[in-house]
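S.K.: Sequence:
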Amino acid sequence: MILAALAAVAAPAAISGLGGDEVAPAPAWLEGGDAGLQAYRAAKIYVDGTTVHEDAYLLVRDGKVAAIVADEAELPPFLELKDLGDVTVMPGLVAADSPLTGNGNQGDRSMAAHRRAYDDFDPFLDMDRVLERGITTFYLSPDRRRLVGGRGAVVKAAGADRVLREASDLRVSLRPEAYNPP
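Here the sequence shown is numbered in our numbering, starting from 517 and rising by one per residue.
By construction, these hints were calculated from the structure, which means they are not laboratory data. The beta carbon of each residue, even a glycine, is placed where N, CA and C say it ideally should be. Among the hints, erroneous ones may be present.
Below, a list of computed lysine to aspartate or glutamate pairs in the DMTMM-like style, where the Cα atoms sit at most 20 Å apart [stated by the list, open to error]:
| id | residue 1 | residue 2 |
| --- | --- | --- |
| 1 | 598 | 636 |
| 2 | 672 | 636 |
| 3 | 672 | 682 |
| 4 | 672 | 685 |
| 5 | 580 | 599 |
| 6 | 580 | 677 |
| 7 | 672 | 644 |
| 8 | 560 | 570 |
| 9 | 672 | 635 |
| 10 | 560 | 602 |
| 11 | 598 | 587 |
| 12 | 580 | 564 |
| 13 | 560 | 590 |
| 14 | 598 | 624 |
| 15 | 672 | 578 |
| 16 | 560 | 587 |
For each label pair, taking beta carbons as the anchor points, the in silico distance ranges come out as [claimed, not checked]:
| id | residue 1 | residue 2 | range |
| --- | --- | --- | --- |
| 17 | 602 | 647 | 33 to 43 Å |
| 18 | 584 | 675 | 13 to 23 Å |
| 19 | 649 | 571 | 19 to 29 Å |
| 20 | 642 | 597 | 27 to 37 Å |
When you get a sec, could you build the whole thing from the sequences and use the hints?
M.R.: This is the structure in structure tokens:
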């Protein structure tokens, strides 16, 4: 009789991992419920250069990573799960330089500090091949053939708010071709 009473009290505590009437706090990624939350199972999920989660779940809310969960039991019960199979997921790559702007038709001055690479960027350019290779953000370089080529820019390859910086650094080139006016 005493063992049955102890089992009745101990079993719920053992299952929840808590003692008494404590309720486990909801994970931070579940704040606001599971509305807009999507789950993807992947064979490997790279977080950074050293952290790798194997056979884990990537949770995404509103296009941004909300969490990485190791066990399916931790997911909300009715959350739609997309199994990606043997896919490896990693953070997007940033291209530190790109040839998408800065070519010709920019006047005849060697000193063009007023020029902005963003002004020559085509936001409707098809970025599918760039995204397929994992590049999500890139730097737009101003003209490389000028002594002072202008201001660079930083943009994303997809999404509604693609422009991160319309004007970033000032490009100054000391290469031999920069000494000759265009």
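S.K.: Each of the hints needs a verdict: does it hold here or not?
M.R.: Now for the hints, and whether the structure bears them out:
The suggested pairing of residue 598 with residue 636 is violated, with an alpha-carbon distance near 39 Å, which exceeds 20 Å. With a CA separation close to 15 Å, the supplied pair residue 672 and residue 636 stays within the 20 Å bound. Taking the CA atoms of residue 672 and residue 682, the gap is near 11 Å; set against the 20 Å cutoff, the hint holds. Simply put, residue 672 and residue 685 have alpha-carbon atoms about 17 Å apart, close enough for the 20 Å limit, and the pair holds.
A C-alpha spacing of about 18 Å is found between residue 580 and residue 599, which places the hinted pair at or below 20 Å, so the restraint holds. Between residue 580 and residue 677 the CA atoms are separated by roughly 13 Å; this keeps the pair inside 20 Å, and the hint holds. For the hint pairing residue 672 with residue 644, the CA-to-CA distance comes to about 12 Å; that is within 20 Å, so the pair holds. Taken as a hint, the residue 560 and residue 570 pair is honoured in the structure, with Cα atoms around 4 Å apart against an allowance of 20 Å.
Restraint check for residue 672 and residue 635: satisfied, since their Cα atoms lie roughly 15 Å apart, inside the 20 Å limit. Between residue 560 and residue 602, the direct Cα distance comes to roughly 8 Å. Compliance with the 20 Å bound is thereby established for this hinted pair. A hinted pair counts as satisfied when its Cα atoms are at most 20 Å apart, and residue 598 with residue 587 qualifies at roughly 15 Å. The straight-line distance between the Cα atoms of residue 580 and residue 564 is roughly 16 Å, inside the 20 Å bound, and the hint therefore holds.
Distance restraint check for residue 560 and residue 590: the Cα-Cα separation of roughly 18 Å lies within the 20 Å cut-off, and the hinted pair is therefore satisfied. With a C-alpha separation of about 54 Å, the suggested pairing of residue 598 with residue 624 is violated against the 20 Å cut-off. Straight-line distance between C-alpha atoms of residue 672 and residue 578 comes to about 16 Å, which keeps the hinted pair within the 20 Å bound. A C-alpha spacing of about 13 Å is found between residue 560 and residue 587, which places the hinted pair at or below 20 Å, so the restraint holds.
Restraint check, residue 602 to residue 647: a C-beta distance of roughly 20 Å breaks the suggested window 33 to 43 Å. Separated by about 21 Å at the C-beta atoms, residue 584 and residue 675 satisfy the suggested range of 13 to 23 Å. Between residue 649 and residue 571 the CB atoms are about 25 Å apart, so this pair conforms to the stated range of 19 to 29 Å. For residue 642 and residue 597, the Cβ-Cβ distance of about 31 Å falls inside the hinted range of 27 to 37 Å, so the restraint holds.
Checked against the numbered hints given earlier, this structure breaks hints 1, 14, 17; the rest are met.
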